[in-house]
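Our numbering puts the first residue of the sequence shown at 171, with every later residue one more than the last.
Because the hints were derived from the structure by calculation, they are not lab data.
All residues carry an ideal CB built from backbone N, CA and C; glycine is no exception.
Treat the hints with care, as some may be off.
[To be verified] With a cut-off of at most 25 Å between alpha-carbon atoms, the simulated SDA-like pairs for lysine to any residue come out as follows:
#1 K444 <-> L382
#2 K472 <-> Q395
#3 K256 <-> D176
#4 K417 <-> E247
#5 K417 <-> S427
#6 K472 <-> A424
#7 K417 <-> L382
#8 K417 <-> E432
#9 K256 <-> I241
#10 K417 <-> R314
#11 K472 <-> A452
#12 K417 <-> S350
#13 K444 <-> A407
#14 K417 <-> R378
#15 K256 <-> R314
#16 K256 <-> H196
#17 K417 <-> L399
#18 K472 <-> G437
[What the hints assert, rightly or not] The following label-pair restraints were derived from C-beta to C-beta distances:
#19 D343 <-> E247: 27 to 35 Å
#20 V269 <-> M358: 20 to 28 Å
#21 V269 <-> S181: 27 to 35 Å
#22 P449 <-> G474: 44 to 52 Å
#23 A451 <-> S181: 50 to 58 Å
#24 K444 <-> I384: 23 to 31 Å
#25 T421 <-> T455: 26 to 34 Å
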Amino acid sequence: MAPVLDTRSVSPSDRQDYWSEGIAQHFFPMRVEAVGATSFEARLAGGDMGPVAVRSIQGLPHRVARTQQMIAAADPECILLYLLTKGSIFIEQDDRSCVLRPGAIAWQDTSRPSTFEGRDGFEVLVFSVPKWFIGARADGIARRTATAIGAGEGRLTPLATPFLASLARTVVDGEGLPSSDAEGAAEMLLPLLRSGDDQEGKPEATPRSEMLLIRMQRYAMEHLQDPELGPEQIARAHYVSTRYVHKLFATSGAGVSAWIREHRLEGAAAELRKSPETPIAAVSTRWGYQNPASFSRAFREKHGCAPRDLRLLPQLG
Numbered sequence: 171m172a173p174v175l176d177t178r179s180v181s182p183s184d185r186q187d188y189w190s191e192g193i194a195q196h197f198f199p200m201r202v203e204a205v206g207a208t209s210f211e212a213r214l215a216g217g218d219m220g221p222v223a224v225r226s227i228q229g230l231p232h233r234v235a236r237t238q239q240m241i242a243a244a245d246p247e248c249i250l251l252y253l254l255t256k257g258s259i260f261i262e263q264d265d266r267s268c269v270l271r272p273g274a275i276a277w278q279d280t281s282r283p284s285t286f287e288g289r290d291g292f293e294v295l296v297f298s299v300p301k302w303f304i305g306a307r308a309d310g311i312a313r314r315t316a317t318a319i320g321a322g323e324g325r326l327t328p329l330a331t332p333f334l335a336s337l338a339r340t341v342v343d344g345e346g347l348p349s350s351d352a353e354g355a356a357e358m359l360l361p362l363l364r365s366g367d368d369q370e371g372k373p374e375a376t377p378r379s380e381m382l383l384i385r386m387q388r389y390a391m392e393h394l395q396d397p398e399l400g401p402e403q404i405a406r407a408h409y410v411s412t413r414y415v416h417k418l419f420a421t422s423g424a425g426v427s428a429w430i431r432e433h434r435l436e437g438a439a440a441e442l443r444k445s446p447e448t449p450i451a452a453v454s455t456r457w458g459y460q461n462p463a464s465f466s467r468a469f470r471e472k473h474g475c476a477p478r479d480l481r482l483l484p485q486l487g
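Take these sequences, add in the hints, and give me the full structure.
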């Protein structure tokens, strides 16, 4: 795959800003600065492997830092797993820091301030793994950030690093993986990450599927006023199949469409009470109903009265 970002495509004076804006789109906002090099050069290529974003980054020495203010503005809630293939990199988080050499791995948590510094004309593979995908052990893994694991260390690393490199190359340089295989391939990252969990061996407090359902419901609540909200949109936002979305929502006792309808009607009722001057048609449209008649019918089934009659009822409290 050709680089998605390549600083050589812009003039030298614009390269640092170009890179800063580009990685903000592919990862999140970070502060970028060159380190010792006479010119700034960096390239990024990548693809997706189910819910995991895979990126290859090459470049001359430079540093990126993530501040608390940046985290407050945008946090994808991921663990970034690094596999160094060339040069060296320095990473720092909390009170820990380490230097990675080729074949070594380490990770960082996007939810806390951190520093990444590429040195010596480096190349690194980065796997952005959502915490919901890891499950409840993500917290334990996050407590072991910025700790280098050499190519020959640990039980899994000697086996895992060649596999990770091959997997990343398939995603980054090849044609990628079929969607039917992508999530299974992403699952193979989890034993390696969980081997760094300081709570390893203890049962998970919350199953991963339950954490994902909570995340999906939170997403749906934030997009209730989007008329396009539905199982397909939720599936795309969470890199899973529509069938899996239906399966998870069914465990809550309501199908996806019923869950969305229920919360839209609750939101509409709250707005009708709060804003008596707002036309009912405007309220129904804002809460995802393009047809006033279908809104009125669904509202009556939910609340036992027509929308206009709700405004005549006495307010409680």
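How the hints compare with the structure:
Annotation: proposed proximity of K444 to L382 is violated, straight-line Cα distance about 33 Å (limit 25 Å). The suggested pairing of K472 with Q395 holds, with an alpha-carbon distance near 18 Å, which does not exceed 25 Å. Between K256 and D176 the CA atoms are separated by roughly 18 Å; this keeps the pair inside 25 Å, and the hint holds. The straight-line distance between the Cα atoms of K417 and E247 is roughly 24 Å, inside the 25 Å bound, and the hint therefore holds.
Simply put, K417 and S427 have alpha-carbon atoms about 12 Å apart, close enough for the 25 Å limit, and the pair holds. Simply put, K472 and A424 have alpha-carbon atoms about 14 Å apart, close enough for the 25 Å limit, and the pair holds. Distance check on the hinted pair: K417 and L382 sit about 12 Å apart at the alpha-carbon level, within 25 Å; holds. Note on K417 and E432: the hinted pairing holds, with a Cα-Cα distance of about 18 Å set against a maximum of 25 Å.
Distance hint between K256 and I241 is unfulfilled; the C-alpha atoms sit about 29 Å from each other, more than 25 Å. Distance hint between K417 and R314 is unfulfilled; the C-alpha atoms sit about 33 Å from each other, more than 25 Å. Restraint check for K472 and A452: the C-alpha separation of about 19 Å stays at or below 25 Å, so the hint holds. Taken as a hint, the K417 and S350 pair is honoured in the structure, with Cα atoms around 17 Å apart against an allowance of 25 Å.
With a C-alpha separation of about 31 Å, the suggested pairing of K444 with A407 is violated against the 25 Å cut-off. A hinted pair counts as satisfied when its Cα atoms are at most 25 Å apart, and K417 with R378 qualifies at roughly 14 Å. Straight-line distance between C-alpha atoms of K256 and R314 comes to about 23 Å, which keeps the hinted pair within the 25 Å bound. Proposed proximity of K256 and H196 is supported: the alpha carbons are some 22 Å apart, at most 25 Å.
Proximity of K417 to L399 is assessed by CA-CA distance (about 17 Å); at most 25 Å being required, the pair is judged to hold. For a cut-off of 25 Å, the pair hint linking K472 to G437 stands: about 12 Å separates their Cα positions. Restraint check, D343 to E247: a C-beta distance of roughly 28 Å satisfies the suggested window 27 to 35 Å. V269 and M358 have their C-beta atoms about 27 Å apart, which keeps the hinted 20 to 28 Å range intact.
Against the hinted window of 27 to 35 Å, the Cβ-Cβ separation of V269 and S181 comes to about 33 Å, which satisfies the hint. Judged by the Cβ atoms, the range 44 to 52 Å given for P449 and G474 is violated: they are separated by roughly 22 Å. Evaluation of the 50 to 58 Å hint for A451 and S181 yields a pass: the beta carbon distance comes to about 53 Å. In this structure, K444 and I384 meet the distance hint of 23 to 31 Å, their C-beta atoms being roughly 27 Å apart.
Taking 26 to 34 Å as the suggested C-beta distance range, the pair T421 and T455 conforms, at roughly 32 Å.
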